[in-house]
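I would like the entire structure built from these sequences, with the hints used as guidance.
Each chain, letter by letter, is given below.
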Amino acid sequence: GQNIDQPTEMTATEGAIVQINCTYQTSGFNGLFWYQQHAGEAPTFLSYNVLDGLEEKGRFSSFLSRSKGYSYLLLKELQMKDSASYLCAVRDRLRSNSGYALNFGKGTSLLVTP
Amino acid sequence: EAQVTQNPRYLITVTGKKLTVTCSQNMNHEYMSWYRQDPGLGLRQIYYSMNVEVTDKGDVPEGYKVSRKEKRNFPLILESPSPNQTSLYFCASSTTEAYTEAFFGQGTRLTVV
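Note that the protein sequences, when read in sequence, are chains Y and V.
Just add 593 to the spot in the first sequence (first one is 1) and you have our numbering.
Just add 1 to the spot in the second sequence (first one is 1) and you have our numbering.
Computed from the model, here is a short list of chain V residues facing chain Y with C-beta under 8 Å:
no.: 1; residue: Leu44
no.: 2; residue: Gly59
no.: 3; residue: Phe91
no.: 4; residue: Gln107
no.: 5; residue: Gly108
With the C-beta cut set under 10 Å, the calculated list includes, among others, these residues of chain V facing chain Y:
no.: 6; residue: Gln7
no.: 7; residue: Gln38
no.: 8; residue: Arg45
no.: 9; residue: Gln46
no.: 10; residue: Val55
no.: 11; residue: Asp57
no.: 12; residue: Ala93
no.: 13; residue: Ser95
no.: 14; residue: Thr97
no.: 15; residue: Glu102
no.: 16; residue: Ala103
no.: 17; residue: Phe104
Rather than coming from a laboratory, the hints here were simulated on the basis of the structure.
Ideal Cβ placement from N, Cα and C applies to all residues, glycine included.
Written out as structure tokens, the structure reads:
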């Protein structure tokens with residue numbers, strides 16, 4: 594495994610903007626992914642970053658800085674249905690067998706309030 | 002519809018009774034993996050498979066076995082389940098191309114008493 598850190602919980606108001614940060618350490622970076630997971634359900638893919646910079650996808654954007662080992666997920670125009678856990682995942686290339694591992698942070702539980 | 006299917010969704014079993022959780026994908030993905038998710042610990046990888054007959058340990062493989070005899074199936078086997086294996090399990094699949102996302106099954110909630 595590797596260290597992937599993100600805040601445990603965040604709260605934001607409906608209609609607002611929230612930024613969820615993620616820091617990581619990796620030896621064979623092969624992509625950074627963000628997933629959304631509602632309680633008891635499977636994670637669903639939101640976005641991924643390969644190169645440094647901002648990737649925008651509707652109300653969701655994700656930023657990556659590989660030199661700093663840092664990413665954030667930006668959610669705009671928050672809706673109540675955005676209350677969920679957001680998982681930062683790093684794909685790490687393995688030297689041992691040319692495979693890779695997709696390692697997850699512990700997730701950030703986001704509560705959107707009226 | 003492209004999907005990853007796990008069965009069963011819920012299972013309560015007793016310590017020591019062998020069980021198998023099945024996972025099947027219809028996207029012709031080479032890469033498949035199993036995770037367990039526990040409160041405060043997040044998703045942890047148990048085993049993964051790069052292709053048919055190629056499997057390897059993840060971060061928490063103790064007490065689990067897998068097999069990959071066909072590309073579409075990747076069952077998780079608990080030979081002698083123990084209460085510390087009570088968890089929510091997810092199967093995932095993806096291509097082996099760089100920067101491609103993983104697709105997850107619906108999850109299996111296992112309770113070992």
